[in-house]
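Peer 1: Add chain B to chain A, keeping to what the hints say.
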Amino acid sequence: MRPVAGIATERPGAAKGSRPLRAILRSVCVGPLVRLLGGLADRARRAGRYERSARLFHACRAIAERWLGPAHPEVVTLLNNLGVLCKYRGHFAEGWEIYRRALTITEATLGPRDPRVAVIYHNLAGLAHAEGRHTVAEPYARRGLELREQALGPDHPDVAADVAALGAILDGQGRHDEAETLYRRALAVFAKHLGSEHEDLAVTFNNLAALCQVTGRLAEAEQLYERALAIKERVLGARHPEVGVTLNNLAVLHRRRGGPDGGAARALYRRALSIFKASLGAHHPRTATCRANYQRLLRETNPSGGGVASHPGGQILSPPSAARRG
Amino acid sequence: MKKLAVMLLGVLTSLAWLLPMIAEARLAGNHNETLLADE
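Which chain is which? The protein sequence lines are A and B, in order.
Mapping the first sequence onto our numbering, position 304 (from 1) lands on 304, and the numbers just tick up by one.
Mapping the second sequence onto our numbering, position 28 (from 1) lands on 28, and the numbers just tick up by one.
Bound conformation, chain A alone (with noise of 0.2 Å):
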């Protein structure tokens, strides 16, 4: 999902009481160089550079509340931006301690209809998402989109991104028609807005292949799983944790496919861990998952127990409920 427009940097009265030197250094100095610190710290997390970008977050956030206030816009968008950022490393509670306090400022200084209010329940649906509960998750998400498609109309990539993203929690219910006419609907919006080669059309290409995968269409899967992946590399890198999930659910196709020693979901999972132990570490839900995955292809394809304790992830750790069953 690209991102909207931020909030006005000047908040009114924010100088008040405040010596001029300081006001002037506040506007002059202050502003750019949170935006300029936020800016890289999302920067470098669309890269997947998780650790790099939080403390660039954490440096960015101690600047602008010292120097702006804890309300300030410029820190609502930083706190929402580290939302974002504590679901993609697994740091559910900080998002949701984080997200409530930037929906509560947003709604607050802007109302309850602003469309930038409808990013922060879309992230909040996303956070509930990647802890598996799509029951809490739903009711955020169609706040979310109901408000951005008021302000933007239907056909506007940013709330094909909120249909996908709902899109994505009813399938984790299980409800897999009423998903996939979601994924359609904004995979049209996105290849007719973006051309061929985004990130948002990967990852619903990649949302949709799961969906065949598990309702049994797995020569269509493949094929979308190919395009996700082929995208993913070209836009975010071969190294980027968004690749790790495509390589991860095409191993789960080859393994349920089946061959002679599972030779090619060995070699996807393989890759799949190394980035995901690289850029998460060892214990993120979603390395976790693909260690599962990994080794109960390893127990299928050497019975004798010795591919489990030969792989140098060591301890075996449980799915989350988070990951959906292939």
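The hints are all genuine.
Label-pair restraints from in silico Cβ distances:
{"no.": "1", "chain 1": "B", "residue 1": "Gly10", "chain 2": "A", "residue 2": "Arg19", "range": "37 to 47 Å"}
{"no.": "2", "chain 1": "B", "residue 1": "Leu19", "chain 2": "A", "residue 2": "Ala151", "range": "26 to 36 Å"}
{"no.": "3", "chain 1": "A", "residue 1": "Ala278", "chain 2": "B", "residue 2": "Thr13", "range": "32 to 42 Å"}
{"no.": "4", "chain 1": "B", "residue 1": "Ala16", "chain 2": "A", "residue 2": "Ala238", "range": "20 to 30 Å"}
{"no.": "5", "chain 1": "B", "residue 1": "Leu19", "chain 2": "A", "residue 2": "Glu107", "range": "26 to 36 Å"}
{"no.": "6", "chain 1": "B", "residue 1": "Ala23", "chain 2": "A", "residue 2": "Gly111", "range": "19 to 29 Å"}
{"no.": "7", "chain 1": "B", "residue 1": "Gly10", "chain 2": "A", "residue 2": "His176", "range": "48 to 58 Å"}
{"no.": "8", "chain 1": "A", "residue 1": "Ser196", "chain 2": "B", "residue 2": "Lys3", "range": "42 to 52 Å"}
{"no.": "9", "chain 1": "B", "residue 1": "Glu39", "chain 2": "A", "residue 2": "Ala282", "range": "19 to 29 Å"}
{"no.": "10", "chain 1": "B", "residue 1": "Ala16", "chain 2": "A", "residue 2": "His156", "range": "22 to 32 Å"}
For the record, the hints were derived by calculation from the structure and aren't laboratory data.
The beta-carbon is built from N, C-alpha and C at its ideal position, and this holds for glycine as well.
Peer 2: For chain B alone, kept in the frame of chain A given last:
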């Protein structure tokens, strides 16, 4: 002097990609991506 000016221009040009970030803060959105567990 001319060489210095060219170098300065080069540095400034190479940093031009930072300008949109400074001009406008943006609210990011996340993706809900399906990761399959093989069970």
